[in-house]
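Asks: Produce the complete structure using the sequences and hints provided.
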Amino acid sequence: MRFGIRKKLLLLMALLSLALIIVSVLITSTLYTMRMRRQFEADSLNSARTLCNTIRESYLPFLQDYREKLGNIYAEHREEIERFQSSELMSDHAEKERFFNELTKNIFPPKSGFGLSYEMAVFYGDYRGLLQNIDLIGRSSGHETGNIFFYDAEHKNMVYMLDMASDQTMSYHFPGSLATPWDERLASALEKGESAAFFAGDECCSVHPIESDERGEPIAFACFREYVGESKLNTRLFTLYSLGITLAATVVIALFIMLFADRLIVKNVRRLSDAAERFTSNLKGSRPVKVSAGIRSGDEIGALSEKMDIMQDAIIGYIGSLEEKTAAEERMKTELELAARIQSEALPQGGMTAGAYTVESFLKPAREVGGDFFDFFMLDEKRLFFCLSDVSGKGIPAALFMMRTKELIKSGIRSGKPLADFAAELNQSLCRGNTESVFITAFFGILDTESGILKYLRAGHEQPMLKRGESVLTIGEESNYVLGALDDVEFVSDEMRLESGDTLLMYTDGVNEGINESAEEFGYERISEALLSAREDVTGEVYAALKRFCGGAEQFDDVTMLVLKASPPLRMELKKPVYDDITAVTDAVFARLCGFDTDDVSKIGILIDEIMNNQISYAFKDVSEPVLAVKLDLIGDTARLAFEDNGKGFDPLSEVTDEDLENSDGGFGLEFVRSFSDRQRYERVNGLNRLTVEKRLHPKNG
Amino acid sequence: MEATITQTETNLIIAPVGRLDTAASAALKEQLEPYALDKTDIELDFAQVEYISSAGLRLLVALQKQAKASEHTMVIRNTNAVVNEVFRVSGFNKAFTVL
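Taken in sequence, the protein lines are chains F and H.
Here the working numbering is used: the first residue of the first sequence is 1, the next is one more, and so on.
Here the working numbering is used: the first residue of the second sequence is 1, the next is one more, and so on.
Just so you know, these hints were derived from the structure itself, not from any lab.
Nothing false has been slipped in among the hints.
Partial list, derived from the structure: chain H residues whose beta carbon lies under 7 Å from chain F:
hint : residue
1    : ARG19
2    : ALA23
3    : VAL89
Keep in mind it's a predicted model, so treat the numbers as computed, not measured.
All C-beta atoms in this analysis are idealised placements derived from N, C-alpha and C, irrespective of residue type, glycine included.
Replies: The structure is reproduced here in C-alpha cells:
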C-alpha cells in the first residue's frame, strides 16, 4: 500500500494532535484543580475569619467563660474521655450522647422543672447565638461542618466546644469530645496559634485562632470543613470544555498546517514531478527543451527545483555535445573509410599473369585502416617483383607510413640493384625521421619468369609457405631484421627455383594470429592444411578455413595474402591419334594461352596443326600402337611445345629439303614451323621422336 | 564450325569460320561436295577465319585450280594479319587474288 505525502502528513498530524490534546487537557485540568482548591481554601479561611470576628465582637466573654468550664472538665476527665473514645461504645450514638451529656451536665444541666436559672438562660442564649452564627456562616458559604474547639498542645488534643451539625447525626462532635490533628499542617497551625487552610485528600479544611484581647494566645479555634470532590470542582465539565476547545483549536491548526504543507510541499513536489516527467518525454523527441518547475520557495524544494534546472541544462548541454561528438565521430569514420578506400585502391587489384606465373592478392581489412599492403609489378619484360608487408600499429599513422613505404619500395626497386642492397637502402630511408618507432615486416621477391628463379628476402615477416606437389614447406628459414628499426643492419637475400605447379603463399599475421572465441590462434599448422587442400582459389579457401575457425569472433587485424602460382605444364597423350585430335590439343593449349596476343596464339595453332598433321600422316607407318604426346610449358612469356611420338626416327627439320617443298603440299607446313617459332629442336630420346618448338608470346593488346 | 556457303548466279561465296586447319579443311571439302565448283566464280570471305594452315592452303590451291580450269576466277577477301602472313611466307600471296 502506498501513501502520498498528503496522507502521511494527515496521519502524522492526527497523532500529534491526539498527543497534544491529551497533554494539554492534563495540564489545564491539573492547573484548574489547583486553582479551584486555592479558591476553596481562601473561601473556607474567610468563613473562619468572619466567625472569629463575630465572636470577638459579641461572644468573647461567653466563649472565655465556656472555655474555662469545659477546660476544667477536660482537665479532670481527659483520660476517661480518651478511653471512651477508643472504646466500642463510641460507635453507638445513644451511648455517646449519654456519656458526653453526663460529662458536661454541670455546664449543660438537663432541662427539667420550671426552667433555667438566669445565668443559664444567658449562657444558652449566647451558645445558641454563636451556634446560629456558625451555622449561618457555614451554610451560606457551603461548608459542611463548622465548629469551635480549643487545643491542648500538651496532649495534642482538639477539644470540641461547638459543632454546627445537630446532635442527632453520627458526625456530630459533642462538646468535650476529642480529636487528634489529622494533618500536619493542622497540627503546626494549632501549635503556633496561626490560621491555616488546606486540602486533606478531597476535604478542604480551615482553622482560625480566636484570640482574647489581653493575651496573644488563642482561647479557641474556629474550624470549617467541606468535602470538595470532583462534582464540586466541576473538573469533568471543565475537562470536557477544555477537550472541546483544544480539539477544535487543534483541528483548525492542523487544517491550517495541512493547507500550508500542501501548498508548500505537496504541490511543489508534484510540480517537480510533472516537470521531470515532461522533460523526460521531451528527451525522446528531436530536440530537448528545458522544463523548469519554477519553484522559488527558498526552501529545500526550491533548491531542488533550481538543481533540477541546472541538471536539465547539463543534460541538454551533454546531449548537444554528444550530438557534436557523434557528428565528429561520424565525420572521422567517413574519413577513415575514405582513407581505407584510398589505401586499398592504391594496392593493385586482383592479380596478374606473367607468363606461366600468376599472382593473386587477397585483402580483408579489419574495421580500421591498417598497415598491411602488397604490391606486384613487372620490373622489365621478364622480371616480376612482388612484396607483402605489414606496418606495425593500426589506423591512420600505420596507413600513412604504409603509403610512404609503398612509394619507397616502388621507386627503390626499379634501380635494378640486388634485393639485399635495395632492402638496406629502403631500411635506411625508413629509419630516417621515424620518430614514432614504426617498424615494418616484409617479404620481397623478384621472379625471373623465364627461368623460374625466385630471389627473395624476408625481413621479420611470416615465413611464406610453398606447396609443391602434395607437400607444404616453408621458405626463408633465416630472416633479416625488421625494416625501419635499426639503420645499420645488413640484409641477405636468398634464391630458389619455382617449378611448374608450385604455389607460394605469403600472408600477414592477421591470418596465423586470427583467434576464435576460445582465444586460440589459427596458427601455421592450419594454414598449411588449408593450403594443401586448396585447389583453385587458394586465398579464398585459406580465408574460408580461417573464417570457419574464428566463428563469430571479430576480425581484429587485416587479413592479407599474396599467392604466386607457377602454372603446371600441360601434357596430353594421344593413343592412335587421328586428325580430329588436333582440335582437342589446340583447344587445350589455347586455354592456357588466353592471356597472350591473339595473333601469336594463332601462330601457335598453326605450329600445332602442321607438326601434328605431319606426325599423324607420316610417323606411324608400321607402328602398331601409335602414341603421340604434346607438352606445353610456359617459361616466362615463352611457350615451349614439345611433340613426342613413337614412330620411326625422323627429323623433319633436317630431312625436309626445298625439293620436298616443291613436290609436296605438306612441305609448306615445315616452312611455317620455321617461320612462326623462335626455336626448333629435334631429338631422339628413348626411342621417341621429340620435336620442341619455342615461341615468345606478346601480352594481349600489344 | 560450319562454313557458310552461298551460291548466286555469278558467284559461289564460301565463308569459313575459325581455324582453317587440317580438320576444318577436311570438313569444308566435304561440305563443298554438293556444289559445282566450275560453274561460277569463287569468292572466299575470310572475315571469320582465325588462321590457316597448310592443309587449308591445299584446299585453296585445289579450288584455284578448278576455277582456272573452268575459266573462272577465285578471290579471297577480308583476310587477317595471320592469314596474310601465312600467304606471304608460303608465297601464295602471289598466286591468289587477295582483296
